[in-house]
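Counted from 1, the sequence shown has number 35 at position 35 by the working numbering; the numbering is strictly sequential.
FYI, nobody ran anything at the bench for these hints, they're computed from the structure. Think of the CB as a built atom: it goes at the ideal place given N, C-alpha and C, for glycine as much as any other residue. It cannot be assumed that every hint is accurate.
Unchecked claim - FRET-style restraints, in silico, Cβ to Cβ:
| hint | residue 1 | residue 2 | range |
| --- | --- | --- | --- |
| 1 | Gln16 | Lys41 | 36 to 42 angstroms |
| 2 | Leu10 | Lys41 | 43 to 49 angstroms |
| 3 | Glu6 | Leu26 | 28 to 34 angstroms |
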Amino acid sequence: MLAISEIPILSSLIFQVSFTLVLSGLLLWQAFQALNEVKDK
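Produce the complete structure using the sequences and hints provided.
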């Protein structure tokens, strides 16, 4: 079992990882949209 003192660290780590994934996903999506616009022109 995890120690109770480790839970905030773990949850903040999970939050950071998920935030980074969402941010990189948005950047990738924007880049993909920009590429599609260039292709259409």
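Results for each hint:
1. Restraint check, Gln16 to Lys41: a C-beta distance of roughly 38 angstroms satisfies the suggested window 36 to 42 angstroms.
2. Restraint check, Leu10 to Lys41: a C-beta distance of roughly 47 angstroms satisfies the suggested window 43 to 49 angstroms.
3. Between Glu6 and Leu26, the C-beta spacing of about 30 angstroms keeps the proposed range 28 to 34 angstroms intact.
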